[in-house]
Structure formats: C-alpha cells, structure tokens
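Student: Start from the sequences and build out the full structure, keeping to the hints where you can.
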Amino acid sequence: MDSLRHAYPFCPRCRAPMQARSEGGMLRPLCDQCGFVQYLNPSPATAVVLRRGEEVCLVKRGFPPKAGQWTLPAGFLEYDEDVRAGAAREVLEETGLEVRITGLRDALTGVLPPDRPVLLIVFDGEVTGGELRAGDDAADAGWFHPSALPGLIAFSTHRRILRDLGAVDFPREETP
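Counting the sequence shown from 1 gives a position; my numbering is that position plus 123.
Derived by calculation from the structure, the hints in this document are not laboratory data. Treat the hints with care, as some may be off.
[To be verified] Label pairs and their in silico Cβ distance ranges:
| no. | residue 1 | residue 2 | range |
| --- | --- | --- | --- |
| 1 | Y131 | T232 | 19 to 27 angstroms |
| 2 | P294 | C137 | 46 to 54 angstroms |
| 3 | A230 | H129 | 45 to 53 angstroms |
| 4 | D229 | C157 | 34 to 42 angstroms |
| 5 | D292 | L163 | 34 to 42 angstroms |
| 6 | F159 | G274 | 38 to 46 angstroms |
| 7 | G265 | A143 | 40 to 48 angstroms |
| 8 | Y131 | E178 | 17 to 25 angstroms |
[What the hints assert, rightly or not] Capping the alpha-carbon separation at 25 angstroms, the derived lysine to any residue pairs in SDA-like fashion look like this:
| no. | residue 1 | residue 2 |
| --- | --- | --- |
| 9 | K189 | T251 |
| 10 | K189 | R136 |
| 11 | K189 | L275 |
| 12 | K189 | L235 |
| 13 | K189 | P237 |
| 14 | K189 | P240 |
| 15 | K189 | V160 |
| 16 | K189 | L272 |
| 17 | K189 | R239 |
| 18 | K189 | H268 |
| 19 | K189 | G219 |
| 20 | K189 | G233 |
| 21 | K189 | G158 |
| 22 | K189 | D263 |
| 23 | K189 | W266 |
| 24 | K189 | L231 |
| 25 | K189 | P269 |
| 26 | K189 | L288 |
Quick caveat: nothing in here was measured; it's all calculated off a predicted structure. The beta carbon of each residue, even a glycine, is placed where N, CA and C say it ideally should be.
Tutor: Written as structure tokens, this is what we have:
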C-alpha cells in the first residue's frame with residue numbers, strides 16, 4: 124500500500140510543501156517549515172455479527188469496491204459518532220433490522236481496496252425489530268449457514284470472522 128499517496132501535498136498549517144521524512148521509524152508526510160506531521164491513521168469501521176440459530180446475516184454489496192460480493196453488515200463511523208451507535212446504524216441502513224449490540228467480538232486491521240487502511244471493530248448483536256431487506260448500499264441481504272455461503276466474501280477481515288463462526292470453504296473468483 125502506498126499510503127503516502129493520501130498525504131497532503133501542502134501543510135494545512137503554513138501551506139509549505141509537505142515532504143516524505145522518516146519520523147518515529149516510519150516514513151510520514153512532514154512539513155520542514157513548521158514541523159507538522161501528518162499521521163496516516165486507519166479509518167474506523169464497524170461490522171456486526173447477527174445470528175439466527177446457526178445462520179449469520181450477510182449483505183451483498185451494491186457498489187464498488189467489491190460490488191456483488193458479500194459482507195457482514197458493516198460501514199464507517201461518522202464523525203463524533205459512538206462506536207456502538209454507529210454499528211447499529213449501519214445494520215439498520217443495510218438490512219432494515221434494529222439491533223442491540225451485545226458485545227465486542229474482535230478488532231481487526233485491513234485494507235479497503237484500493238488502499239484505504241481500516242480498523243474494523245466487530246460486535247455481536249441481537250435483532251430487536253425490523254424486517255430483513257436490502258437497504259442503503261446493499262443489493263441483497265439474507266441469512267446463511269457458515270458452511271453454505273452465498274458467494275464471494277469481499278474482505279479478508281470478514282472471512283476471518285466467518286471462519287471463527289465455522290466457515291471452512293469460501294467461494295473463489297474464477298480466473299481466466
């Protein structure tokens with residue numbers, strides 16, 4: 124991943140050109156004029172594991188990246204949003220289901236194609252209302268047994284969680 128592609132070209136404090144410099148053992152965008160350092164941190168996102176018996180709720184992505192592939196209900200946090208509230212909001216937007224967040228399952232790092240670093244905070248949740256439907260940016264939504272996944276799973280972080288739930292065989296993209 125070429126994270127420096129996302130660096131500011133000019134310092135947001137003094138407007139001098141930013142330079143790639145070693146700082147703290149990492150190559151970071153730094154302003155030689157005023158000393159500002161731009162830290163290229165991952166974007167926080169949430170995913171929620173919803174179970175119905177042995178089945179898990181998955182949504183089919185409607186838009187790039189990875190359109191047509193499946194994920195747990197997930198999305199990015201809004202500025203100043205509580206992480207649990209953001210997780211519940213994403214589930215409602217993508218599935219029409221109201222949920223109660225019941226616990227923290229995992230926290231994983233990954234990369235959203237093409238090269239956006241993400242910190243994925245994964246919760247367990249319980250459905251409290253609503254009807255399952257594809258909403259927001261989802262093309263489809265459904266309940267699936269981990270041993271019978273509906274198609275390609277979009278992200279390695281989601282495959283890891285599904286593996287923890289018992290998935291052992293993931294559909295693969297066909298190559299020419």
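Student: Against each hint, give a clear statement of whether it holds in the structure.
Tutor: Each hint tested on the structure:
no.	hint	in the structure
1	Y131 x T232: 19 to 27 angstroms	23 angstroms, holds
2	P294 x C137: 46 to 54 angstroms	51 angstroms, holds
3	A230 x H129: 45 to 53 angstroms	22 angstroms, violated
4	D229 x C157: 34 to 42 angstroms	39 angstroms, holds
5	D292 x L163: 34 to 42 angstroms	36 angstroms, holds
6	F159 x G274: 38 to 46 angstroms	45 angstroms, holds
7	G265 x A143: 40 to 48 angstroms	46 angstroms, holds
8	Y131 x E178: 17 to 25 angstroms	45 angstroms, violated
9	K189 x T251	29 angstroms, violated
10	K189 x R136	37 angstroms, violated
11	K189 x L275	9 angstroms, holds
12	K189 x L235	9 angstroms, holds
13	K189 x P237	10 angstroms, holds
14	K189 x P240	16 angstroms, holds
15	K189 x V160	33 angstroms, violated
16	K189 x L272	16 angstroms, holds
17	K189 x R239	14 angstroms, holds
18	K189 x H268	21 angstroms, holds
19	K189 x G219	21 angstroms, holds
20	K189 x G233	14 angstroms, holds
21	K189 x G158	39 angstroms, violated
22	K189 x D263	14 angstroms, holds
23	K189 x W266	20 angstroms, holds
24	K189 x L231	19 angstroms, holds
25	K189 x P269	20 angstroms, holds
26	K189 x L288	22 angstroms, holds
In this structure, the hints that do not hold are numbers 3, 8, 9, 10, 15, 21, in rising order.
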